[in-house]
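**Q** Protein chains in written order, with the working numbering: chain E, 1 to 307; chain U, 1001 to 1307; chain B, 2001 to 2307; chain H, 3001 to 3307.
Do not take every clue at face value.
[Stated by the list, open to error] Derived DSBU-like pairs: lysine-lysine, alpha-carbon spacing no greater than 35 Å straight-line:
hint: 1; chain 1: H; residue 1: 3122; chain 2: H; residue 2: 3076
hint: 2; chain 1: H; residue 1: 3122; chain 2: B; residue 2: 2122
hint: 3; chain 1: E; residue 1: 122; chain 2: U; residue 2: 1301
hint: 4; chain 1: B; residue 1: 2122; chain 2: B; residue 2: 2301
hint: 5; chain 1: H; residue 1: 3301; chain 2: H; residue 2: 3076
hint: 6; chain 1: U; residue 1: 1189; chain 2: U; residue 2: 1301
[Unchecked claim] Derived contacts from chain H toward chain U, CB cut-off under 10 Å, selection only:
hint: 7; residue: 3201
hint: 8; residue: 3204
hint: 9; residue: 3206
hint: 10; residue: 3307
[What the hints assert, rightly or not] Stretches of chain U that chain B covers, calculated by requiring three or more beta carbons in the stretch to come under 8 Å of a beta carbon on chain B:
hint: 11; stretch: 1128–1141
hint: 12; stretch: 1149–1156
hint: 13; stretch: 1209–1219
The hints are simulated quantities; they were obtained by calculation from the structure and are not laboratory data. This structure is a prediction, so every number in the text was calculated from the model and none was measured. For every residue, glycine included, the Cβ atom is placed at its ideal position computed from N, Cα and C.
There are 4 protein chains.
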Amino acid sequence: MSLRVGVIGLGVMGADHARVLQGEVRGAHLAATCDPVGECSHRDPHEMIEVVDAVVIASPDATHADLALACLAAGKPVLCEKPLGATAAEAWRVVEAEVALGRRLVQVGYMRRFDPAYLAMKACDVGEPALLHNIHRNAQAPDWFVGAMPITNSLVHEIDISRWLLDDEITEARVVGQDPMLVTMQTAKGVLISTEVFMNAAYGYHVHAELVGRAGTVAMAQPTRVLTNRAGAHGHGYPMNWVPRFAEAYRAQMNAFVAGARSGSLAGASAWDGYAATAIAEQIIPGLASGLPQTITLPAKPQLYEA
Amino acid sequence: MSLRVGVIGLGVMGADHARVLQGEVRGAHLAATCDPVGECSHRDPHEMIEVVDAVVIASPDATHADLALACLAAGKPVLCEKPLGATAAEAWRVVEAEVALGRRLVQVGYMRRFDPAYLAMKACDVGEPALLHNIHRNAQAPDWFVGAMPITNSLVHEIDISRWLLDDEITEARVVGQDPMLVTMQTAKGVLISTEVFMNAAYGYHVHAELVGRAGTVAMAQPTRVLTNRAGAHGHGYPMNWVPRFAEAYRAQMNAFVAGARSGSLAGASAWDGYAATAIAEQIIPGLASGLPQTITLPAKPQLYEA
Amino acid sequence: MSLRVGVIGLGVMGADHARVLQGEVRGAHLAATCDPVGECSHRDPHEMIEVVDAVVIASPDATHADLALACLAAGKPVLCEKPLGATAAEAWRVVEAEVALGRRLVQVGYMRRFDPAYLAMKACDVGEPALLHNIHRNAQAPDWFVGAMPITNSLVHEIDISRWLLDDEITEARVVGQDPMLVTMQTAKGVLISTEVFMNAAYGYHVHAELVGRAGTVAMAQPTRVLTNRAGAHGHGYPMNWVPRFAEAYRAQMNAFVAGARSGSLAGASAWDGYAATAIAEQIIPGLASGLPQTITLPAKPQLYEA
Amino acid sequence: MSLRVGVIGLGVMGADHARVLQGEVRGAHLAATCDPVGECSHRDPHEMIEVVDAVVIASPDATHADLALACLAAGKPVLCEKPLGATAAEAWRVVEAEVALGRRLVQVGYMRRFDPAYLAMKACDVGEPALLHNIHRNAQAPDWFVGAMPITNSLVHEIDISRWLLDDEITEARVVGQDPMLVTMQTAKGVLISTEVFMNAAYGYHVHAELVGRAGTVAMAQPTRVLTNRAGAHGHGYPMNWVPRFAEAYRAQMNAFVAGARSGSLAGASAWDGYAATAIAEQIIPGLASGLPQTITLPAKPQLYEA
Ligand SMILES: [Mg+2]
Ligand SMILES: [Mg+2]
Ligand SMILES: [Mg+2]
Ligand SMILES: [Mg+2]
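Here chain E stands alone, though its shape is the one from the complex:
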């Protein structure tokens, strides 16, 4: 039986998740949609949750935690767009509820874990990890991108993928600059992480990483299938936003969610991972003003999330 999936929120991300569910996923179909204003099958997300087998949350960040809690209450697997909560406290409520339930129903949409380039990096043996360079460049920051949003909205991706690539926990961080911003982090195992976040890099959307190990390094190749010679130049183009860059990752993420929902064993970022990314980001923010290193602490990881 094909899994009936409902999508809450039909903005850019929600519409794309719906498109993937309609044409690129095996074992599931788009069964319901919910949006406060757009064309959809439901206005009330709670009613929608009742009539589907699994849920995708792509509504505004402030609603993520409550809707995830509702899915947990209904016993429905849920793919929740990042962040899991608008605050670490909100995200922690989801973790607590899932722990109380005793089984994992929440996957958080840190889609990079399904990107072929990051997967190839993780699979590559370069010896014990020593240092990770992350680069995160947007062509142009949207108007509403203010205050600590480079940290809460962009850096969280780098926090999540660094934790995943290194299988390690972040213990210290320091920020210098605003845009670009340079974030230096350290991990429990002593690995260094250097991250550039540049919201107005002008030339295009570009995510890059290089992992430096004690036996070598592995870095992403340029994100292209073809190279052109045209008008005096050799090379390739960049997309202007993240959608083309991570199209394969979104498709693979949804297929993994569907497979996990059907088998009862979810993959990808857990509620714990979603909480961790937001909690770490929150603890980094005070250093934005002071320029001083911040010590990062997390509560003990609940047993439910041990491999």
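Here the structure of chain E is known, so what remains is to put chains U, B and H with the ligands in place on it, guided by the hints.
**A** Relative to chain E, chains U, B and H with the ligands alone:
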């Protein structure tokens, strides 16, 4: 309803098609298998054809045409591994039968048409095509790879992809060398095609192409997602055969076949394309001994295959 | 003592040779110049030859052979721009005169032999050579570039560098197309050579080569020191003519000529090599019209040119 | 007249400078050498300084400042290997002496300023500089490389090249890690600098940089002329130390020194630059233990060093 697909022949290619059908295809499932010796649901391919909605032919080349004809007789869509026939005459019989039937049921497994790199090349505007460079390197030729097989088994891929990339027909060809072999072809529109076929290139399996247009060129990027620095060297590895290189193409080809079989409108290489590749290869072979240019002629393309 | 060098012909190439002699060469200086119209020290090349220690010929092609003969008569080392003669017969007269003299005084300006990329290719071990791909693209052919000039003026560079890279002799050639033109050559040792010559490639000046051996291949890297991300694109620019691409080669060639002139032992392309390139080009031309393979023959190489 | 140059110290660097002077420099020759034990023309550097026109100092670091002062006293142009002094105080004595003399005679051997890749980066327009990524990897640290030497011996190169690329002054720095070490610096104009120094990177010697501007970025291309396909892999090799990587830079640096000594107008890093690199390094060191950001201050730049 999920399309019931049966696979005939469970060698390397057939087993891989079966694997794709079991885990990577939307709207279809593996419903039957047929092999003379292996574990399978049917020994007789004709009996298997009766009980499925669509067929994949991956049995020995000598059986392709007859099995495709049986599928046409049964009105079942068929994805036939290349070549469509062991000879052009055999392939032509399939074309004639399909034309007599009056609708297309045959897709030929020239999977490169679904490879993201070739698709990106075709989508790229470099002005009017002027010249195409193809490179086809195998690490090591199998024992049974003798005589004209570099032409009938390997060059056919280059013939098909050149016709598809250029949307043009080959009219002349000349071969020099044996291994490597250099094949120079010309098309009806005056485009030049240079193709290296090297069956014992030693270093790995590597397919490359560069299309030269009057406004620029487009070439495949190196086939990798990541680049390493290890043991004194920078770069990436090659696979030792075609399976990893074209894994995405095989998956996309099968999805396209399933979608086409369901909608009644097949994509990919047609029976005419399958015939053309083999007919052109046959006409190139006499030049292998003489080293002289060979004029290539094809019959008029039946109306059924006009776009 | 610094070598007194005189340059005959102050067009693009001659002016550049003069510039190199004034600022980038060790052990020599620009002592005289000769041009029919421009500012220079001499109008009569023969008078100029008398008063210098070594000569650079960069006058029109039709004058090369006679001036080289004058240098031989005067016992002066000479760097003669390619071609050595407007015809093979003319070039042969230079060879004969040098052989009669019994010592080498002529170096021909096939500067690619001093290009770091070609030198690195030649130094690289890829097993026994099997095939060489050459690509020669100009942004736009000059007005005066007509008839067989893609062969006599451009392909000669590919002929010379192929003979040098492979240490082998060309025995057969076939041309298809006009612009681009595809030239397939074969050598005495059985190596295949595929050469694209495209005089109106539009995007820039670009020379590329890949040598395919029985243990691997070696190709030029993209000709750049830096890569940029700008305005939606990644990559680098091409020059619009050969001067920037081969600036290092011209400098190294002149230094080698000066060192050879001082030591009495010239390096680089010899008069024999200059003759061979032009003689092979002449024998290729008839095939331009017929499209048929041409057998190439050269006289026995005089003992003077044996290593 | 050819400039008579004497080299003090015939270790790895001194021997290479002597080699360059003997065969790759225009307008100068190796006239004298001085070493405490090796084969040379002089044992006493002060005697050697008397008999030459210009001096190269490549003796142990502890001797640099005193020998540079001796050259200043003798009025002889000097190319002093980095660092200019074993301490900032020593280097400052050289600055003071040169200022007292009132003309520049000292060039410091920060050879990267003559590297074609760095020069191409500096020439590239990517808008106002915003961030600079430096990577400095050695295959294996020598035994004697202890304590703060990654900062005083390796990071000084990054300090110098960053100041030169950005035409800016460093005002703050923080170090995390030991090997690799990650150094975050900030400049007077607000540019961020991220530098990895990894003394035991295992795979080879590798220096890389990317400059991020507000209109784009420019990075070094991989340091190779050719790319190979061999034994299952594509790519190129790294050298195991800095000599091959910077061979062109050393040659160009010496030619610039000779030209500057002859014309009376030195290029390259000045005594002020040499002092600055060492003074900045010294101020960074305390942060190695504390992990805290260090404020960097320099005295006012003497008028002599204004452009
Ligand atoms: Mg996301
Ligand atoms: Mg196939
Ligand atoms: Mg030339
Ligand atoms: Mg140095």
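**Q** Starting from the hint list further up, note which numbers the structure goes against and sort them upward.
**A** As far as the earlier hints go, 3, 10, 12 are violated by this structure, in ascending order.
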